[in-house]
Amino acid sequence: MSFCDDCFKGDLLLADDFSRNGFRTIVPDMFNGDPYPADYGRPGAAPFNREKWMSDHGAAQIRPRIDSVLAALKAEGVTGFAATGYCLGARYVFDLAFDELIRASAISHPGRLQVPADLEKYAGVCTAPLLINSCSDDRAFPLEAQAQADEIFGGGKFAPGYKRAHFEGCTHGFAVRGDISDPMVKAGKEGAFKASVDWFMKYL
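With the UniProt record's numbering as the guide, the letters of the sequence shown map in order to residues 1 to 204.
Note that these hints are calculated values from the structure, not bench results. Predicted model only: the values in this text are computed from it and were never measured. Check each hint, because a few of them may be wrong.
Distance condition first, Cα-Cα at most 16 Å in a straight line; then the derived EDC-like pairs of lysine to aspartate or glutamate [said to hold, decoys possible]: (1) Lys121 <-> Asp138; (2) Lys163 <-> Asp198; (3) Lys9 <-> Asp39; (4) Lys74 <-> Asp34; (5) Lys9 <-> Asp29; (6) Lys121 <-> Glu76; (7) Lys194 <-> Asp16; (8) Lys157 <-> Glu120; (9) Lys9 <-> Asp34; (10) Lys194 <-> Asp17; (11) Lys121 <-> Glu151; (12) Lys121 <-> Asp99; (13) Lys74 <-> Asp56; (14) Lys52 <-> Asp34; (15) Lys121 <-> Glu100; (16) Lys163 <-> Asp179; (17) Lys163 <-> Asp182.
Simulated restraints on C-beta separations [said to hold, decoys possible]: (18) Gly44 <-> Thr79: 27 to 35 Å; (19) Asp56 <-> Glu151: 33 to 41 Å; (20) Asp34 <-> Gly124: 30 to 38 Å; (21) Ala38 <-> Glu168: 34 to 42 Å.
Here a beta-carbon is modelled for each residue, glycine too, at the ideal position from N, C-alpha and C.
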């Protein structure tokens, strides 16, 4: 399984949790050792040029790093892949699914998706079952986008399989960087992980 990070340093403990559930989990170095600063967005944080960072870490830089990892695994004899992605990482889960490189997808609080265009493309060309872990407060994937996903995939319209698990009281980033001192966020983070594990158990 490819674990596609959000823009911050990867949560290796979360990747370890997937491994403990029986999935060989690989975390590609998507940002070449240069993730967002850990204190980005917090009071007193050092200045950070987000626009320059995004221009330096686009698909032209990130996708080859993911592809090289998959190629190395194929050379070892690995024959099937799944992918989970958080925020920006969800963009690359979709792209891998578009290219028919994965057997199952699970994304949480997705970012950088074009809605509804990417959802419609996924429904039209992909065969990987799709799980979306969403939340009640998410500017990157708001309630309107969530409803569009349900309209496009739900009700049996997407034959490979679709589910959206929704977590109230959570904000963007909850599944990987959530403040577990908040009981609702803790429940959301744990619920999103369980939903993802169950999804992969079902389809892999």
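Structure-based check of each hint:
| no. | hint | result |
| --- | --- | --- |
| 1 | Lys121 <-> Asp138 | violated, 22 Å |
| 2 | Lys163 <-> Asp198 | holds, 11 Å |
| 3 | Lys9 <-> Asp39 | holds, 11 Å |
| 4 | Lys74 <-> Asp34 | violated, 26 Å |
| 5 | Lys9 <-> Asp29 | holds, 9 Å |
| 6 | Lys121 <-> Glu76 | violated, 31 Å |
| 7 | Lys194 <-> Asp16 | holds, 14 Å |
| 8 | Lys157 <-> Glu120 | holds, 11 Å |
| 9 | Lys9 <-> Asp34 | holds, 8 Å |
| 10 | Lys194 <-> Asp17 | holds, 10 Å |
| 11 | Lys121 <-> Glu151 | holds, 14 Å |
| 12 | Lys121 <-> Asp99 | holds, 11 Å |
| 13 | Lys74 <-> Asp56 | violated, 28 Å |
| 14 | Lys52 <-> Asp34 | holds, 12 Å |
| 15 | Lys121 <-> Glu100 | holds, 13 Å |
| 16 | Lys163 <-> Asp179 | violated, 25 Å |
| 17 | Lys163 <-> Asp182 | violated, 25 Å |
| 18 | Gly44 <-> Thr79: 27 to 35 Å | violated, 49 Å |
| 19 | Asp56 <-> Glu151: 33 to 41 Å | holds, 36 Å |
| 20 | Asp34 <-> Gly124: 30 to 38 Å | holds, 35 Å |
| 21 | Ala38 <-> Glu168: 34 to 42 Å | violated, 27 Å |
Going through the hint list in order, the structure does not satisfy hints 1, 4, 6, 13, 16, 17, 18 and 21.
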